[in-house]
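Engineer: Sequence:
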Amino acid sequence: SDASTVAAAVRAATGGAGADVIFECVGTRDTLDACVGWGGALGKRGRLVLVGYAAGQENEFRCHPIPMVVNEQAVLGTVGATLQDLHEAIALVASGAIDTVVDSTIALEDFQGKGLDRIKGCACVGKIVVDSF
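Position in the sequence shown (from 1) plus 1431 gives the number in my numbering.
Check before you lean on any hint, since a few could be wrong.
[To be verified] Derived DEER-like restraints, expressed as beta-carbon distance ranges:
| id | residue 1 | residue 2 | range |
| --- | --- | --- | --- |
| 1 | Cys1555 | Ala1520 | 11 to 21 Å |
| 2 | Ala1486 | Asp1433 | 19 to 29 Å |
| 3 | Glu1489 | Ala1525 | 18 to 28 Å |
| 4 | Cys1555 | Pro1496 | 14 to 24 Å |
| 5 | Asp1530 | Glu1503 | 41 to 51 Å |
Calculated directly from the structure, the hints in this document are not laboratory data. Note that this is a predicted model, so its numbers are computed, not measured. We put the CB at the ideal spot given by N, CA and C, even for glycine.
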């Protein structure tokens, strides 16, 4: 559904107050728009934590500052994990305790057409691995 529908659902579920914290894990224009603005899902003094991101100028985060200033809202960015989390994840994969899903393996020179464009278009399942430089 569109941004106004999502924001309205959050507002309804919170008695009109909006969310205290939103972890935005998708990063598209529609999902970002659902969070901010006069009718956005983020409430007064709310924090918007940007975790996910989508490539392309069409997904740039844009909002008018007045609603954020008036509502004393904050925007934070995070990578979503610590360096220790990364070390633990690598160890789990290396030990075979968890499997990773590899969509495709490509050469670096093919990354734009066979990699990035597929990621941008949500046309892959799992990771795209660059295996030759």
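Engineer: Each of the hints needs a verdict: does it hold here or not?
Structural biologist: Structure-based check of each hint:
The hint said 11 to 21 Å for the Cβ distance between Cys1555 and Ala1520, and at roughly 20 Å that hint holds. Checked against the hint of 19 to 29 Å, the pair Ala1486 and Asp1433 passes, with Cβ atoms roughly 21 Å apart. At about 37 Å, the beta-carbon gap between Glu1489 and Ala1525 misses the expected band of 18 to 28 Å. At about 36 Å, the beta-carbon gap between Cys1555 and Pro1496 misses the expected band of 14 to 24 Å.
Checked against the given bound of 41 to 51 Å, the beta carbons of Asp1530 and Glu1503, roughly 45 Å apart, stay inside it.
In summary, the structure is inconsistent with hints 3, 4 from the numbered list given earlier, while agreeing with the others.
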